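In the numbering used here, each number is its position in the sequence shown, counted from 1, plus 12.
No wet-lab data here; the hints were simulated from the structure. Note that the coordinates shown come from a computational prediction; the quantities given were computed from them, not determined experimentally. Any given hint could turn out to be false.
[Stated by the list, open to error] 20 Å max Cα-Cα, derived DMTMM-like pairs, lysine to aspartate or glutamate:
1. Lys-115 / Glu-213
2. Lys-115 / Asp-219
3. Lys-115 / Glu-125
4. Lys-115 / Asp-187
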Amino acid sequence: MRRYGVPMQEVQEAQEVLRARNMSCAMPGEHGVTAVFQGLSISLGRGEIVDLVGPSGSGKSSLLTALARLNPHAAGELTFEGRPAAEFAPQQWRRRVAYLPQKPTLIGDSVGEAIRLPWTLAVRKEAESSVKARFGKRGSHAGPDAGALLPDGRIRGLLDAVGCSDVDLSRPVHDLSGGQAARVSLARTLLTRPTVLLADEVDAGLDDDNARLVADVLAEAAGHGMTVVRIRHRPPDGRASRILRLADGVLSDVTGLAGASDMGGGVADGVADGVTGGAVGAGVARDAMTGEVL
13 MRRYGVPMQE
23 VQEAQEVLRA
33 RNMSCAMPGE
43 HGVTAVFQGL
53 SISLGRGEIV
63 DLVGPSGSGK
73 SSLLTALARL
83 NPHAAGELTF
93 EGRPAAEFAP
103 QQWRRRVAYL
113 PQKPTLIGDS
123 VGEAIRLPWT
133 LAVRKEAESS
143 VKARFGKRGS
153 HAGPDAGALL
163 PDGRIRGLLD
173 AVGCSDVDLS
183 RPVHDLSGGQ
193 AARVSLARTL
203 LTRPTVLLAD
213 EVDAGLDDDN
223 ARLVADVLAE
233 AAGHGMTVVR
243 IRHRPPDGRA
253 SRILRLADGV
263 LSDVTGLAGA
273 SDMGGGVADG
283 VADGVTGGAV
293 GAGVARDAMT
303 GEVL
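All chains, please: the whole structure from these sequences, using the hints.
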């Protein structure tokens, strides 16, 4: 069987990219503050694919947004490649640790324009900085545009790979289906080449064929060193080196356990032996950080 991402026996030897310690999240509500989770810790290695599963409402999205420093209700200690999060400006962190929401936001008149938005903003910022440095004021600057930095061919190739060969770059974004918009957003994020990709149900609502295409693209990205965390409600697909389950405020490693995918609060039966990459301690629920048996 083909293996994707980093096999479990290699994860411990892989370079640690992102570490979170004592993460907590408390949400304010009508009846006071409710703790979503507290004291959670996780370590992610370079090129690793980790699936995050658990019942709806258990805090999976809250955890990913906390790792991306996008959750104002979360707190904890974060390090990137050994450096504390405080050493990174929020924008610097998010270029390295990208969060892909379940409901994407595409800004622009066309698919091509929406995908190029990060490059358009970067070019504009660089141009303004250059002019200000030279003349002490803002003004026009002749330099590369977003189209030159991100040619149509690169965009087209990735859209085709995720099953959007029928989506033209000139197509209005409001004409996209939910599944198409999610994959266009995925393509845009992958093209920015983050070190860590936090994908919130990127394959939700896709048919099996398109879900496989998305999984293949993410596996290829992991093969080139990108760390990928996927929130999923599908049965294990063989790409993940680890499966972590968040439920009742507890994050546990359930790699290799039958029913690990937790389909909407239930379980998925029939997880094949070896599907999750040959985890150490398969069949035993372990703490996601320490590996201790729960």
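For each hint, the structure was consulted:
no.	hint	result
1	Lys-115 / Glu-213	holds (9 Å)
2	Lys-115 / Asp-219	holds (17 Å)
3	Lys-115 / Glu-125	holds (19 Å)
4	Lys-115 / Asp-187	holds (15 Å)
Checked against the numbered hints above, the structure breaks none of them.
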